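Participant: Here the protein sequences line up with chains Y and B, keeping their order.
For the first sequence, the working numbering assigns the number 327 to the initial residue and increments by one for each residue that follows.
For the second sequence, the working numbering assigns the number 76 to the initial residue and increments by one for each residue that follows.
Keep in mind that the hints were calculated from the coordinates and are not lab data.
All values reported here derive from a predicted model rather than from experimental measurement.
Hints are not guaranteed to be accurate.
Below are the SDA-like pairs computed for lysine to any residue, each with C-alpha atoms no more than 25 Å apart in a straight line [stated by the list, open to error]: (1) B/Lys79 / Y/Val396; (2) B/Lys79 / Y/Val427; (3) B/Lys129 / Y/Thr393; (4) B/Lys129 / Y/Val427; (5) B/Lys121 / B/Gly90; (6) B/Lys111 / Y/Val427; (7) B/Lys112 / Y/Val427; (8) Y/Lys448 / B/Gly91.
Among the chain B residues that face chain Y by a calculated CB cut under 8 Å, a handful are [to be verified]: (9) His122; (10) Asn137; (11) Ile147; (12) Ile155.
Note that the Cβ used here is the ideal one computed from N, Cα and C, for glycine as well.
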Amino acid sequence: MKTTRTLYALALLAAPLLGTACKKAAPPPPPAETMAPPTPPAQPAVTKIELGSSVGADKRVLAPRSTFGVRDSIIASVYTENTAPNTVLTAKWTFQTGQTVDSTSQAVAASPGVTEFHIVKKTAWPAGRYKVEISLNGAPAGAQEFDVAK
Amino acid sequence: MSPKEPLPDFSDVEGGSSSAAAVPGASSAPRTYEVKKGDSLSKIAKHVYGDASKWRKIFEANGDKIKDPDKIYPGQVLTIPAA
Numbered sequence: 327m328k329t330t331r332t333l334y335a336l337a338l339l340a341a342p343l344l345g346t347a348c349k350k351a352a353p354p355p356p357p358a359e360t361m362a363p364p365t366p367p368a369q370p371a372v373t374k375i376e377l378g379s380s381v382g383a384d385k386r387v388l389a390p391r392s393t394f395g396v397r398d399s400i401i402a403s404v405y406t407e408n409t410a411p412n413t414v415l416t417a418k419w420t421f422q423t424g425q426t427v428d429s430t431s432q433a434v435a436a437s438p439g440v441t442e443f444h445i446v447k448k449t450a451w452p453a454g455r456y457k458v459e460i461s462l463n464g465a466p467a468g469a470q471e472f473d474v475a476k
Numbered sequence: 076m077s078p079k080e081p082l083p084d085f086s087d088v089e090g091g092s093s094s095a096a097a098v099p100g101a102s103s104a105p106r107t108y109e110v111k112k113g114d115s116l117s118k119i120a121k122h123v124y125g126d127a128s129k130w131r132k133i134f135e136a137n138g139d140k141i142k143d144p145d146k147i148y149p150g151q152v153l154t155i156p157a158a
């Protein structure tokens, strides 16, 4: 009787252990979902610079060209994308001697947007090669050269 | 030693700027010019191309609007072909 009771007690004790041993191994946890790296916000950019002597209401130069007369107005249409409301464009106009002709800054109205910069001279432009350099929030963003011919 | 040429004077240059939203699809759309009082085709050609003799280019691009190249009217919107 005593032996039977002892065996019974042992069986009771071993039961949980046997259960554990027979249990099917738990499946490995599913791999954690891989997250795509967050897309960095698109960088503001100047996509095109066009030069001409007249612009439409949309600020686009009517007939792009790169040679001007000594009495012409000179206009640069600067096309931008991904700009924030506080983005500032600057146009620096220089002559072949390195002299600064003019420098003007303008907040960009919208994205995408077109911003026109113009220069006029009361007397004739000196003939030669000029350059307009565009910077976006102070960083160089593009440049275009043009000629003034007599 | 040759005398140095004086640097040109740019003190009478006036600069300015303005900005607008880009119109979707506008980059491929034809460009237009609204005729103002006192305009002529050669004056417009001089203004947009820097060459008055290119007036015929504008005339030909606007055959549906201009019958006589000497008669254009304020408010008319002309197509400006690429230079």
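Participant: Does the structure break any of the earlier hints, and which numbers would those be?
Facilitator: 4, 6, 7, 10 and 11
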